[in-house]
Amino acid sequence: MLTEPLVWAIFLLPVASFLLIGVVVRPLGPSMAKAAGYLTILALGIGFVLSLWLLRSSAHGVVYDFVPHLWLNLAPGASIQMGLLLDPLTNVMLVVVTGVSLMVQIYSMAYMDGDESFARYYAYMSLFSASMIGLVLASNIVQMYAFWELVGLSSYLLIGFWHERPSAAAAAKKAFIITRIGDVGFLLAIIFLFFRADEFAAQGLNALHIPDIWQAAAPLAAGGAGIVAGGALLWLCLGLFAGAAGKSGQFPLHTWLPDAMEGPTPVSALIHAATMVAAGVFLVGRFFPVFSESEGAMMVVALIGAFTAVFAATMGLAANDIKRVMAYSTVSQLGYMMAALGIGAYNAALFHLFTHAFFKALLFLGAGSVNHSAGTFNMMYMGGLRKAMPFTYWLTVIGALSLVGIFPLAGFWSKDEILLEAWLGTGAVPTTVSLLVFLMLLAGVLLTAFYSFRMVHLTFHGEFRGGGEQELHDCEEAGQPAPTGVSHHVHLGESPWFMVGPMVFLGVSAVVAGWIANPIGVKSIFGLIPSHWLTEYFASGLYDGHHAPPFSIAMAVISNVVALAGIGLAVLTYMWPRPFTNNDPLTKGGVVHTLLAQRYYLDHLYEGLIVGRVFYRIVAAITDWVDRNIVDGIVGLVGWISRNIGGLIALAQNGQVQTYPLVAAAGGVVIIVLYLILG
Amino acid sequence: MWFEQVVFWALAVVAIGGAVGVVMVRDLFRAALLLATVFVAVGGFYVMMNAEFLAVVQILIYVGAIAVLFIFGVMLTRDVRQGNTPNRLQIPAALVSVLLLAAMLFTAVTTDWTTLAGLGLESQSQIAQTQAVGIPDASSLAASGLSAQEVESIAGGGLADLLIGEFVLPFEAVSLLLLAAAIGGLALARGRGR
Amino acid sequence: MSLESMLVIAAVLFCIGLYGALARKNFIAVLMSIELMFNGVNLTLVAMGRWVAPYAVQETLSAVLTGQVFAVFIITVAAAEIALGLGIVFAMFRTNESVDLTDAAAMRH
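Chains as they are written, first to last, in my numbering: chain P, 82 to 760; chain U, 1197 to 1390; chain F, 8 to 116.
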């Protein structure tokens, strides 16, 4: 049983660490920079322990219901409060966020060692962790939105961490703007709720309090308030989903996520793989009781999620940058979660979010480790790293297998449950939709398996192809600027323990997190953790908790066969019978490969057509014209008037004695005449 | 009464014509002489308004001193030959003057001056009795309903009584001013270093 | 002869003087014009004392002659003004070789 201050401490410790680093450590200079790292790790370590404690007590039936603190009473039925919403979703998310964050901070101690902005890095990381924890804890939608934007801000700061690189600055800007587009939907949803505040007030509810919103969406028959229903409910859900899609990189707002890999690799691992991008899934999960009342919204979420899952996976096939492969993989996996939410498999989606955080963070840290020794992110210049870095190799393979969903790794259990739910259908959406989702997700498994092992083979097998040195040389010959993260610094060998340690922890999690947290098909583990523990725990947070279906061996066999088929294809293409040399066999795909490598030309569409043509040529031209002619005109007019008033006054101050009495007399005459006329 | 009318109009013509001449005539010497004429005509008006003492002062100071000073000034500054030329402010100055004149004439003509009289008297009937009075002489003052003492003080007294009685402080102040002006004029006219 | 006619003549004198003071270049002409204005004012004061004041006063009748007292003061001030004004004219003539007011613009901004 935790007291309220202890729960707040989970959030406030990283805030304190951020402030301390920003105000005290950073001004002290580089010699003290290490302290920033220890501070952050300390704050997150305590937070992690508290989160575990919170989860444990909550799982043992303690219900936390702290009264929110009123901040601002906007209107009857619309108060902004600062509160803690400690339901199972929050508790699990807290463990994931603090746990993965802690691992990444430890890893960063080595990875960022020697960076001149070490303290700044940890300040941002603390800020990010604090915002993410605040987002997870929020009980008020405005409070949530504030942290939502803070998360976006820290993501922006961290993507653009090496802001002296133009590509990093551009990626940061892109990420910020594209997620903002989605956030407008979120904001509109909040505004919509605000305008319905009096209806909430009539029932004694607060339109901005999240549990009250759940209640408002539930129909009267089900004991809810029935305030928002029908078309309004659909639009409310779509607004929230727009925000979620922006953060979670769902089609068509996914283009920022691969570019976000310009940030330091631990940032990618923490923010753009494990936690922040999961915020979109979290948002939909947080408002799942609202979404589940609108079949249309659920279908949109399901289909966009499933489409994204396949769509991103196909782009992952043709990417050569190891972090981009991971990024597409992340988008794809987030699509799985969205699709699961959309078909009503709330707990399966969140279970997958939970496992994904571990194995995806592991894969990213592996990529960082590879970069640390090979000096490049381009897989075309790697190869043969298996012998040099055995730990990294095996941990990456574990992560990849977990990602693909091979029995009995963590990813298997959650992905299998999603597939099973889609196959069986939950009744939230029509069966045809859930079947369609099932087929798309199954296709996604095949693609995931293929690109994951393509990545493994290109990176670790075959012969070493020169690393960063060779790439720099090639870029120089081609006259192109070297991409981010490429250095001459090639020293094949295992990374330091500060990096490998967290990877081992995450690797163990990636193996066991699935069946320990959510034992399926057995009664319990060691008599401690009952069957379906995690999914049942999630379900307990909902009014009408959906219970996970029993384990199906048939489904497990199908998904494993599909996954193994994908792995086999990758092996055939890249390893056996002919090991990969220099030409990617996929380039023979011609048009299709070009299409994939060019990311379906969506970036061209957005940047070339929408931004370039429509925005620059039309919107910007109009605003430019308005700025030049109207705004500048007004400014110029004011200046012109002042200048000429000055001239006018100077005319009076001409030193001609008689002008002064003339003006005085004229003034007198005016007063007299006015008096005669008006008086 | 016709004699009074004739004199009044004659003086009016001389005063206004002279004034126009002062402003318009190119030769400054002649302008100074015309100015003296205007002063004399104004003195005539004073006589007609029973302000004989003032008329004498007017002639003595204005005609005797000021006009002569002007003539000296004109003759001592060789600019005379250039004459009395207008500056660039002619039109606005004329406009302001004409407007002011119009306003003043309008006020002078339209104001019901007798209403002012009502303030000072106890009843309307007394206004009727004192209607035609000029400068207070004994009979009209008696008719105005004032006490005998007041009547006597007005009829028997004159400017001198007021100047060294009620207005003694401003009187002394003005004499000081005159002294200062005389010294200042000396200092200015003497110039630097001589 | 009436109050109004005197006021009209005084106003005409004053305005002619005003015009002259504003629109003439020669300093001496300006001073003369100012004298015209003084005379207009004096006429008004005396006329008011003659026709209006006797009916306007309530308790003491010293105000009957107040207009004339004021006229005396004005005449005195005018004399002082002329003394100083001509002093300035001479000073100006010494420095500028001219009594043209348009040239005396040393105080310009």
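Hints may contain errors.
Claimed, not checked - The calculated label-pair distances, taken between Cβ atoms and stated as ranges, are:
1) Tyr-741(P) / Met-1197(U): 42 to 52 Å
2) Gly-749(P) / Thr-102(F): 46 to 56 Å
3) Val-1209(U) / Val-744(P): 27 to 37 Å
4) Glu-104(F) / Asp-1308(U): 47 to 57 Å
Just so you know, the hints here were simulated from the structure itself, not pulled from any lab data. Treat the numbers as computed from the prediction; the structure is a model and nothing was measured. Cβ coordinates follow ideal geometry from the N, Cα and C atoms, glycine included.
Checked hints:
Between Tyr-741(P) and Met-1197(U) the Cβ separation comes to about 46 Å, which falls inside the hinted range of 42 to 52 Å. For the pair Gly-749(P) and Thr-102(F), the beta carbons lie near 32 Å from each other, so the given range of 46 to 56 Å is not met. A C-beta distance of roughly 33 Å is found between Val-1209(U) and Val-744(P), which places it inside the suggested range of 27 to 37 Å. Checked against the hint of 47 to 57 Å, the C-beta distance between Glu-104(F) and Asp-1308(U) comes to roughly 55 Å, which is consistent with it.
The earlier numbered hint that this structure contradicts is number 2, and it is the only one.
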